[in-house]
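First to last, the sequence lines map onto chains A and B.
Under this note's numbering, the first sequence has 308 at position 258, and the numbering climbs by one with no breaks.
Under this note's numbering, the second sequence has 195 at position 174, and the numbering climbs by one with no breaks.
Keep in mind that the hints are not guaranteed to be accurate.
[Said to hold, decoys possible] If we take Cβ atoms under 8 Å as the criterion, some of the chain A residues that face chain B in the derived model are: (1) Leu188; (2) Ser444; (3) Arg455.
Keep in mind that the hints were calculated from the coordinates and are not lab data.
In this text, a Cβ means the ideal position worked out from N, Cα and C, and glycines have one as well.
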Amino acid sequence: MADIVRGPTRPSGEGDGHERARKLITGVVLATVAAGEGGPAAALHCGDEPLVRRLVAQLAGLGLARAVVITRPGWEPALEGALNGLGVEVAIRASPGLHDDLRTVAAIARSGDALLIADGEVLTHRTALAGLLDDPRLLTAILERAGAPDGMPWRHTRSAGAGVMSAGSAYHSVTKPNGAFLGLLKVDGADRSKLVGVAERLAKLTEGGLPGAWEEELQRRAQRCPVADQHSDRPPPAFEAEAVARASAITQDVVALLLVGLVRVGAHVQSSFVRELFWARPLSSGEAQAAARDIATYDEDRLALDSAVKATDGFFTTFFVSPYSKYIARWAARRGWTPNAVTTASMAIGIAAAAAFATGERIGLVAGAVLLQAAFAADCVDGQLARYTRRFSSSGAWLDSIFDRAKEYTVFAGLAIGATRGFGYDAWGLAAAALTLQTIRHMIAFSLSADAGEDRARFPNAPLEQPHDGAGGRAEQAPASRAPSARRSPATSPLGRLAARAARRTLSFSRSLNRREAALWVKRIIVFPIGERFAVISITAAVATPRTTFVVLLAWGAVAAAYSIAGHLARSMLV
Amino acid sequence: MTAVAATEEPNERALAELRAYCDDGPLAGLLGRLLGPFVPVPAPVLVIAGWLVPAAVLTLGGHDVSPAALGAGMAAVVLAAGIAAGRPSSRRGDWSLPPLMRLVEYGLILWLCIVAASGAVAACFALLAALAFRHYDTVYRLRSQRRFPPAWLRLLGGGWEGRLLFAYAFLVAGGLKTALFAAAGVLGAVSVAEAAVAWGRWSAEQQPDTQAPGREDLAE
Numbered sequence: 051m052a053d054i055v056r057g058p059t060r061p062s063g064e065g066d067g068h069e070r071a072r073k074l075i076t077g078v079v080l081a082t083v084a085a086g087e088g089g090p091a092a093a094l095h096c097g098d099e100p101l102v103r104r105l106v107a108q109l110a111g112l113g114l115a116r117a118v119v120i121t122r123p124g125w126e127p128a129l130e131g132a133l134n135g136l137g138v139e140v141a142i143r144a145s146p147g148l149h150d151d152l153r154t155v156a157a158i159a160r161s162g163d164a165l166l167i168a169d170g171e172v173l174t175h176r177t178a179l180a181g182l183l184d185d186p187r188l189l190t191a192i193l194e195r196a197g198a199p200d201g202m203p204w205r206h207t208r209s210a211g212a213g214v215m216s217a218g219s220a221y222h223s224v225t226k227p228n229g230a231f232l233g234l235l236k237v238d239g240a241d242r243s244k245l246v247g248v249a250e251r252l253a254k255l256t257e258g259g260l261p262g263a264w265e266e267e268l269q270r271r272a273q274r275c276p277v278a279d280q281h282s283d284r285p286p287p288a289f290e291a292e293a294v295a296r297a298s299a300i301t302q303d304v305v306a307l308l309l310v311g312l313v314r315v316g317a318h319v320q321s322s323f324v325r326e327l328f329w330a331r332p333l334s335s336g337e338a339q340a341a342a343r344d345i346a347t348y349d350e351d352r353l354a355l356d357s358a359v360k361a362t363d364g365f366f367t368t369f370f371v372s373p374y375s376k377y378i379a380r381w382a383a384r385r386g387w388t389p390n391a392v393t394t395a396s397m398a399i400g401i402a403a404a405a406a407f408a409t410g411e412r413i414g415l416v417a418g419a420v421l422l423q424a425a426f427a428a429d430c431v432d433g434q435l436a437r438y439t440r441r442f443s444s445s446g447a448w449l450d451s452i453f454d455r456a457k458e459y460t461v462f463a464g465l466a467i468g469a470t471r472g473f474g475y476d477a478w479g480l481a482a483a484a485l486t487l488q489t490i491r492h493m494i495a496f497s498l499s500a501d502a503g504e505d506r507a508r509f510p511n512a513p514l515e516q517p518h519d520g521a522g523g524r525a526e527q528a529p530a531s532r533a534p535s536a537r538r539s540p541a542t543s544p545l546g547r548l549a550a551r552a553a554r555r556t557l558s559f560s561r562s563l564n565r566r567e568a569a570l571w572v573k574r575i576i577v578f579p580i581g582e583r584f585a586v587i588s589i590t591a592a593v594a595t596p597r598t599t600f601v602v603l604l605a606w607g608a609v610a611a612a613y614s615i616a617g618h619l620a621r622s623m624l625v
Numbered sequence: 022m023t024a025v026a027a028t029e030e031p032n033e034r035a036l037a038e039l040r041a042y043c044d045d046g047p048l049a050g051l052l053g054r055l056l057g058p059f060v061p062v063p064a065p066v067l068v069i070a071g072w073l074v075p076a077a078v079l080t081l082g083g084h085d086v087s088p089a090a091l092g093a094g095m096a097a098v099v100l101a102a103g104i105a106a107g108r109p110s111s112r113r114g115d116w117s118l119p120p121l122m123r124l125v126e127y128g129l130i131l132w133l134c135i136v137a138a139s140g141a142v143a144a145c146f147a148l149l150a151a152l153a154f155r156h157y158d159t160v161y162r163l164r165s166q167r168r169f170p171p172a173w174l175r176l177l178g179g180g181w182e183g184r185l186l187f188a189y190a191f192l193v194a195g196g197l198k199t200a201l202f203a204a205a206g207v208l209g210a211v212s213v214a215e216a217a218v219a220w221g222r223w224s225a226e227q228q229p230d231t232q233a234p235g236r237e238d239l240a241e
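For reference, chain B alone in the conformation it holds in the complex (with noise of 0.2 Å):
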């Protein structure tokens, strides 16, 4: 068995779960890594004050919000939890982090999808469902197998901040709709088949040792 906990202390593992569970994407790990050792802000308190931009952005600009305004309120949210991401444990705060996250994602998606392009707020549905199976399917999996999902598929979902700016490329483009249902359908597929097939081969792994052992490791 390769139990991915077996030498690493409990508290590395508890911090290692939060952090998948957060489902940040590399440009979130890029911003972190290079800003978060400059900025001594918790990482709760830059989450909630960058997600608070692009909600000032979009609750004062209704229905006119101007691409530009809304643009910067998700470059600074973007920012901020990007950061945030490379900010070390802040103990007592930690467990808010990937509540935090899917507010920030699945609230401003939801949120832009709503104000500013109501015909796909049903293929926004469509994409937090399958994004919630992959968010799901990571903490149930490190619950039963004690396994992290591949980086691949993190890599292929973008992290929370690559989608945040999908959806608002494709605002600002148009075909918002049609790119929504497209990643759901990508996302949700992918995510399915790897748990099945991961689920395969973890079954596979646990099949018991059918040779009794011998007697002789007992004469001594």
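Only chain A is shown next, with the shape it has when bound in the complex (with noise of 0.2 Å):
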């Protein structure tokens, strides 16, 4: 194996404007595909310089203390050239096959701490790359494109809020997918041994080339793809060149056999959305021009301004908060506020307001809901400028969350104290029951996650060699030689059937709700997310009085409690 070490080391970390801390990670950068015109695809030229110089630098400025690349024999001059003086440490390892790139990535992953593993043709904004890199929170993750794949053949995915269930490749399918895997896998130390443990059984049963198995498989793959329903009587060209062309991917897929590896033995594998930002991995330098060019249409800033903004908030946070809230983030950014001051101001003004309430004037219910809605703005901007800013930090998720719902009991508190002093009743049973019911439905969506995660473990883990993710008896991937009765009958008695049947009307309710626009904001409403609550406080704290609002919060709460029950037991019967 040859090696070519170079270029000194220096800590990274420039062209960020502000010192912060970060894990340093070590890069296994795979330039073993070929491009069109030959030679390796990683050293096609985008614009004025190779995609894979692009991708390290690039990296380099998110943490990467040092690159590995992994490329073919012959192909270490091209590498070399392009990634000659990036300031960072790089080397480069000619490896013959899948089966050495594999042994090479076990040994690297032996050492070391948290890696990435990416393909050197990936072309993204520096944006999409911070947004696996640089967030805290995500351990082994992924960069990932949600929605139907397409133009992704094979890579496919399918995550849930748990993380990734099923990961696909050549070889490897999956059931029902609802993302495409984008070639960037960072593992975290705590998983290495993980990485190590797939990477070698890849490596035993690539040993000798493809397993015979693994080329049926995919012989028989090629034969179902679309093509062939045009031609029924015997195999055209196609499905042999489709054969040839999976049989040729699988042994420059590296990266997603692991990530497949990876899922299989059951890694917490979380996701990074690219969402609207450009994505591209160039094959061809027809590609290469046509990515740079599309590229430099987006504009990053406010992409990346955009993608600060949750997509999974309520109804009043999206369309009444979050359209202004995120020009607040912006300017915070550029006067350098971090989102734990955002955090800390927003706790302060909840406060201020909590006392405007106890005050029981009408003036100070006036007060308190301004007062409550700046305090829920500064609570949106600090999210989205620890977004927009990626300066993500764990203490500061838990912050945010212990003053999202110290400023709701405060306020409860301060309704309560308001109530006795100006309407002359005591509300603090009301207030007590509004708490109790909020800890409750949150402790019903805490826990319904907490065992998602459980959900995951259940989700057979397939051994590698087999093709399907073993998400039993559904539908497609079952091969006829399964048992019938692989499809699980979850309700026997008549008291089983009963409630299958009210499950599948809630649910097929639920999916009829979804399939409109407006009818998913009006489930969003239903569940009486913070924006919805907050707003509840001010409008009926400022027009009516305390009783009012807690009555309305209990209301409401208990209708939003009912419905996830009742979702979550429809869904659990089916399933």
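Put the complex together from the two separate chains, hints included.
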């Protein structure tokens, strides 16, 4: 194996403007795919620099301490030229094929801390890479695109809230894919031993080339591809081409294979989504030039700001707060404010709101309503500021969540004091009931998401030799040889059948709601998220009395709790 | 880094998190270990059945509820939900236990105060707010640090069953309002202080290794 170590070791993080604590990451960049014109695709020029140079430079700015580039024998000079003088330590290793690629990855993973494994041809924005690398909440994670996978053959993913449940390669298929893997896999230090195991297992499987069973499966898969429907008699050359393409793709698909392995041994793999940002993996000079033209048309700052707005916020937040709060976030970013400072300011404004409510005077209630909305806007700004400036911190996430609850319950206390002082009745019972209901509602959500992790564990961990992901009996993946009983029948007793029927109705109601955009918002409003709760508190407190506020909170909260419990029961009975 | 999760199966991890959310005290743990294996009833069913007893007593008794009847109700819910703590995972019902335990704990303490000691409701709010901090902190800390709060904090809190019996004892003996305020003050202060110390320690441990890796481990 040829080894070229070059470049001085220099602490990374330049071009970032401010200092921050980052873990050092070792990069493993795969430059093993041939360009259409020959030579490594990673060395194709995108604008005035090679793809791999741009990628490694972007990663170096995000804390990559050193990079090991794996390439094919004979391609080292091209990559050496492409990576010369980058300011990070770069080692180029020539490896004759898939088996040695995997051995190399296993060897690198044995030492060091976190790893980033990347396709060397990926062209995307720094913001997209930062989303994966700079977010300490993401431990082992991938860059992913949500939605129906198109133009990304074979690298499908299925992700849920709990993480990636299934991943695909040219050989491994995904049941009901809902996303695509974009060629960057970050492996946390704690998962490194799993990665070593997976890489060695795969290396062993591919020791003498692809296993025979894999070749057969690839042939079979090629014949099932849509081209096959048009010619039913005998396999036309297209099948052969497809099979060859898949077989060759798999020998270049180290990153996807490692992801499949990690997911199948039960590693917790999270997702970082590119959302509206540009992403491409050009494999010919024509594609590279087109991609270079396309990426130049993207306004990265605007997209970064838009991406800073959470995609899953509630109705009130999305339409009444985020449209302007993102500009406050940008303003705060330019002033150098930290998210934690904004979080703390939001808490202080929330306490001021509670104090205004506690006066029990009309003017105090109106002032409290306005202050509470200001506190909520600041609360949206802190998260957007964190995402926009990539200043994520675990303690910030904790502080934000704790202060959200503290604000809400302090305001309850303020309203209860105001009720005694200004309206002459005791509202502490209502306040405590509202607190109890809200805490129970949160606990339902927390427990369901902790349980979703358990669901992921129950997702059968299919062995790597098996092409399908083992999402048992679920339609299209099951080969004909499998027993028909693979489909689970959860309801055998009459009561069970009734319950299942009710569950189906509830679910079909809920799914029919999902069909339209407006209906999606209705669903998000029903569950009474924080924006809606704070809006209800402000409006009712400003125009009515604390008792009204608590009664509305309790009534809407009870409906929301019933809705989420019914929805969960319906789903769990059918899955 | 000493992430607790590193070596555990996700399944066990999820169950351990759900158990931590429940916040069982030593008495519930004891009841669960001793009696859990002999009561073949799913845990959520046990908790709901137990909760119905004091709920019925409070509904029927109203403001004249007798301490003995209430005591029997409290004993029933502690016994039933305590046994539930020792029942094995019921898979699909596991998620319901933490919210049910909050319904049992917060709901009954509040109900007790409203029905039998209306002067203590504001103190009850204070205690529930302090408990809510602890219960949210457990969840958020597991999410952001992947660490469980220390066992001594759980013991100090006495668990949901300890707090239910504490409230009942002071209801009977008198001085419930003072006792609830005092408990809220102590639990709130200790929980917040412990959370702050834990964050300080955690942040210090997360400082990245500033030593750049040498090139020798690349050269072979």
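Structure-based check of all given hints:
1. Leu188: 12 Å, violated
2. Ser444: 4 Å, holds
3. Arg455: Where the cut-off is 8 Å and the nearest Cβ of chain B is about 5 Å from A:Arg455, the hint holds.
Comparing the model with each numbered hint stated earlier shows that hint 1 is the single one that does not hold.
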